[in-house]
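Student: The primary structure of each chain is shown beneath.
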Amino acid sequence: MTLASPLAALGRPVLAALAALGRVAIYAGQTFGALFSKPFYTREFLSSLLHVGWLSLPVVGLTAIFTGGALALQIYAGGQRFSAEAVVPQIVAIGMVRELGPVLVGLMIAARVTSSIAAEIATMKVTEQIDALVTLSTNPLKYLTLPRVLAGTLTVPLLVAVGDIIGIMGGFLVATGQLGFNKATYIQNTLDFLEGADVVSSLVKGAVFGFIATLIGCYHGMASGRGAMGVGGATKTAVAAASVLILAANFLLTSVMFGS
Amino acid sequence: MIELANVTKSFGSNHVLRGVNLIVPKGQSMVVIGGSGTGKSVLLKCVLGLVRPDQGLITLDGQDVAKAEREAFLARFGMLFQGGALFDSLKVWENVAFRLLRGPLKRPKAEARAIAIEKLRRVGLVPETADLFPAELSGGMQKRVGLARAIAAEPEIIFFDEPTTGLDPIMAGVINDLIREIVSEMGATAITITHDMTSVRAIADRVAMLHGGVIRWTGPVKEMDVTSDPYVQQFIHGRATGPIAAVR
Ligand SMILES: Nc1ncnc2c1ncn2[C@@H]1O[C@H](COP(=O)(O)OP(=O)(O)OP(=O)(O)O)[C@@H](O)[C@H]1O
Ligand SMILES: [Mg+2]
Chain A
110 MTLASPLAAL
120 GRPVLAALAA
130 LGRVAIYAGQ
140 TFGALFSKPF
150 YTREFLSSLL
160 HVGWLSLPVV
170 GLTAIFTGGA
180 LALQIYAGGQ
190 RFSAEAVVPQ
200 IVAIGMVREL
210 GPVLVGLMIA
220 ARVTSSIAAE
230 IATMKVTEQI
240 DALVTLSTNP
250 LKYLTLPRVL
260 AGTLTVPLLV
270 AVGDIIGIMG
280 GFLVATGQLG
290 FNKATYIQNT
300 LDFLEGADVV
310 SSLVKGAVFG
320 FIATLIGCYH
330 GMASGRGAMG
340 VGGATKTAVA
350 AASVLILAAN
360 FLLTSVMFGS
Chain B
-7 MIELANVTKS
3 FGSNHVLRGV
13 NLIVPKGQSM
23 VVIGGSGTGK
33 SVLLKCVLGL
43 VRPDQGLITL
53 DGQDVAKAER
63 EAFLARFGML
73 FQGGALFDSL
83 KVWENVAFRL
93 LRGPLKRPKA
103 EARAIAIEKL
113 RRVGLVPETA
123 DLFPAELSGG
133 MQKRVGLARA
143 IAAEPEIIFF
153 DEPTTGLDPI
163 MAGVINDLIR
173 EIVSEMGATA
183 ITITHDMTSV
193 RAIADRVAML
203 HGGVIRWTGP
213 VKEMDVTSDP
223 YVQQFIHGRA
233 TGPIAAVR
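Chains A and B, in that order, are what the protein sequence lines are.
Numbering of the first sequence is given in the numbering used here, commencing with residue 110 and proceeding in unit increments.
Numbering of the second sequence is given in the numbering used here, commencing with residue -7 and proceeding in unit increments.
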């Protein structure tokens, strides 16, 4: 054991992660390029809209309503310590819209959509369906990846918007039902406090997270190893990578948009 | 004409192809035989560009396949994969008509469906199968759907990877006749991989045996039985003892 070996042990995974990030970036570029050449597979796109967007609504709604409710309770309890419990509507709104809405929806999409995309494409890979697509003159990047990534980028912001609203509603229900807030004042305070920039940041984050979640799912599915182990490995790696990337992107976006 | 010159392919330390030379003339039916795991499927995938050979040259009508315009090149091919490789999110008829529902060969849905049902009939499947999903079919039925998909757009060159494995003898006979018919009536060029010696005799114009990463023997099907090559003799008679080790 030399002095340098702990450094090497640290350096190797970092280098590997950077190389992987580079490959993902190239893949993202190719996907983006595929947007500008024919054909565009409309049917696959519509089906992706359904699976990524519409069918994720229940999960997003449930996540948001419980989070909003818990947030209201925490802010009330915490605020009471310096008699600032009246700020519940404002903090719930800003917390949901700026951070928790996009992050939680992003993570739920990573769990629900990234995993299913990765498993589906990996299974197609190991059963030679991807090879079959190629021999049938169909570019998998256009047929499989682009529709999913486009659907993710377009629908996840909408899911985030829905999550924001439902989360605020969760806070509203708890605050008015349990903590004695006046309904009209609560809504008024929320609306007065939120700014356009908060909402825009929420949607931008949603689009970026939707892009990451679907792209990573496709990428790891395509890179799957052979057999059932390969599919399992691809799915696991995809969900972990998408979640970490979403959190990292969230930090970056927050620093850029609110860091000054 | 498809020509492979000195093609090699390794997966890590597994040297699968070690210098394959093979010529398949236009309009002929070539059958490739050889032990399990010798690289027959890899060979076909190399020609299609699904696997990139390490060395060597593969040409189609004199043109390097690696440099060919992919879309136009692949449009000339049909391929039956060993495992069927049906798209399980699509119905049987949509699988068969895949090429006819999109891309340059696109035609109206009803017409594509009619062609699909006709191709299904040719591989011995009733029209009712058309609206099922691949997962609802038996293994042999999936294989035949894969075959129907490979021939649906009437390609010039067709690769069949074990078209009759998993089929009953009667169905195997139907498929053998179909492949023979496609070659002699439609003038297609075919490469078929099979372990079934009845199929070899029914389908082949020429036979090539892959062993040890090279084409060990090739010749007209008539000469297969009389060749003195001990590898071929052991293989076609299915003897456990001989130059080919039983444990590989
Ligand atoms: N993508 C791959 N990665 C790693 N090894 C591979 C890959 N594809 C094939 N191989 C290896 O190449 C060898 C030949 O495989 P191939 O599928 O061509 O055999 P085959 O001759 O078609 O056998 P069978 O008659 O059983 O189908 C095998 O040892 C297999 O493990
Ligand atoms: Mg094989």
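One or more hints might be untrue.
[To be verified] In silico SDA-like pairs for lysine to any residue, Cα to Cα no more than 20 angstroms straight-line:
hint: 1; chain 1: B; residue 1: K98; chain 2: A; residue 2: P148
hint: 2; chain 1: B; residue 1: K83; chain 2: A; residue 2: A125
hint: 3; chain 1: B; residue 1: K83; chain 2: A; residue 2: L242
hint: 4; chain 1: B; residue 1: K98; chain 2: A; residue 2: S146
Don't read these hints as lab results, they were simulated from the structure.
Student: Evaluate each hint against the coordinates.
Tutor: Status of each hint after checking the structure:
1. K98/B with P148/A: holds, 12 angstroms
2. K83/B with A125/A: violated, 41 angstroms
3. K83/B with L242/A: holds, 15 angstroms
4. K98/B with S146/A: holds, 18 angstroms
In summary, the one numbered hint that this structure violates is 2.
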